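In order, the protein sequence lines correspond to chains A and B.
Number 65 in numbering that gives the first Met the number 0 belongs to position 66 of the first sequence; there are no gaps in the numbering.
Number 48 in numbering that gives the first Met the number 0 belongs to position 49 of the second sequence; there are no gaps in the numbering.
Since the hints were derived computationally from the structure, they do not count as laboratory data.
Being a predicted model, the structure only gives us computed values, none of them experimental.
The beta carbon of each residue, even a glycine, is placed where N, CA and C say it ideally should be.
Heads up, some of the hints might be wrong.
Stated by the list, open to error - If you only want the chain A side, here are some residues facing chain B, beta carbon under 7 Å, derived:
| no. | residue |
| --- | --- |
| 1 | 13 |
| 2 | 156 |
| 3 | 172 |
| 4 | 174 |
As the list claims (entries may be wrong) - Far from chain A, by Cβ distances over 12 Å, these chain B residues were calculated:
| no. | residue |
| --- | --- |
| 5 | 55 |
| 6 | 93 |
| 7 | 108 |
There are 2 protein chains.
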Amino acid sequence: MARFIAEMTMSLDGFIALPDDSIGGLFDWYDNGPVAVPTARPDMTWHVTQASAEHLRRTMSTAGALLVGRRIFDLTHGWGGQHPIDCPIVVLSHTIPDGWPRQGVPYTFVTSGFQDAVAAAGKLAGDKDVGLAGPDIIRQALDAGLLAEIRVNLAPWLLGSGIRFFDHLRAAPVKLERTRVIERDGVTHLHFNVLRRPDY
Amino acid sequence: MARFIAEMTMSLDGFIALPDDSIGGLFDWYDNGPVAVPTARPDMTWHVTQASAEHLRRTMSTAGALLVGRRIFDLTHGWGGQHPIDCPIVVLSHTIPDGWPRQGVPYTFVTSGFQDAVAAAGKLAGDKDVGLAGPDIIRQALDAGLLAEIRVNLAPWLLGSGIRFFDHLRAAPVKLERTRVIERDGVTHLHFNVLRRPDY
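Based on the provided sequences and hints, a complete structural model is requested.
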């Protein structure tokens with residue numbers, strides 16, 4: 000069964016974006032190293048540290064599907080029809096965006112709610128991971144006890160205000176278990192297992 | 000001149016306490032390891048991992064003074080007149096608490112504002128560090144461009160709500176430089192230098 004993993008880049012004060020949805024310097028680490036990491040997009044190659052490259056390659060190779068919210072989909076313009084990670088994408092949305100779905104683009108739009116989106120992403124991922132992006136999606140997965148792992152790419156910034164990675168959690172407090180720390184210039188990759196309540 | 004360093008224990012979602020000022024499992028790491036670290040209080044010895052012990056000993060040996068807010072002072076009942084770290088303490092407050100100051104207890108109460116408290120703590124610390132605790136104090140130090148370093152003891156919890164380490168920053172965005180990561184079971188010690196605007 001697929002494992003559900005939340006991964007986002009976050010400032011030290013907990014933000015994934017500024018109030019206007021821009022990201023300031025949060026993503027600097029994608030372009031501050033000597034190692035070229037090609038993505039599924041011909042126009043996009045990351046240049047990162049060796050440690051970040053290993054982290055990214057692992058994420059890319061284990062992702063069986065991505066489950067994202069409509070806001071990120073709109074902000075990225077649907078990644079121009081090709082996400083950097085080469086896997087099917089499930090978009091949870093109230094409505095299907097104009098012009099979608101498109102021939103040859105493995106995006107699935109689910110308008111019937113979170114549980115159906117989870118089922119669709121899980122089926123697409125098979126035995127691989129489902130990567131979750133977007134605070135609303137991640138909050139719902141946490142509240143539903145569905146999230147197995149959280150990966151935070153901690154960027155060396157205080158943004159002061161904006162959109163938080165974690166907000167309005169109903170299930171909290173949630174105990175975590177840190178499993179991995181990858182530290183390099185410009186970013187700290189922190190991995191945590193989400194422990195179930197009976198475990199603590 | 001003294002360096003001003005903010006250090007607090009924070010959950011992954013940015014909280015230093017729950018809404019009722021309790022700390023949940025945030026401080027578990029002070030009692031989850033084999034190494035005994037005596038404090039300045041005869042009734043308090045921490046039991047931590049070797050890595051956390053080194054972190055704590057370094058903090059204790061470099062602290063020349065602590066600058067704290069009235070809220071923490073009240074919540075801890077003034078540490079019973081003896082803070083675990085053996086150094087002078089400056090409390091920024093609107094009023095002097097009943098029963099203070101006390102003979103033989105090196106606590107200074109400053110009621111004339113943040114700048115005066117900073118000056119008092121800096122003078123007491125000499126060439127050592129001034130440790131800052133309390134979100135309001137830390138916010139003011141950041142906004143004043145005074146903070147040299149931030150040390151976050153990242154606890155493996157999502158608290159969901161409560162009191163944030165960083166809140167209402169006016170000076171943000173602030174660029175940081177991660178200088179040190181100490182990872183052990185139960186806590187990740189993350190150290191950042193605060194970069195001045197002309198530097199980035």
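Hint check results:
1. 13: holds, 4 Å
2. 156: holds, 6 Å
3. 172: At 5 Å from the nearest chain B Cβ, residue 172 of chain A passes the 7 Å test, so the hint holds.
4. 174: OK, holds: residue 174 of chain A within 7 Å of chain B, min 6 Å.
5. 55: For residue 55 of chain B, whose nearest Cβ neighbour in chain A is about 19 Å away, the distance exceeds 12 Å, so it holds.
6. 93: holds, 26 Å
7. 108: holds, 29 Å
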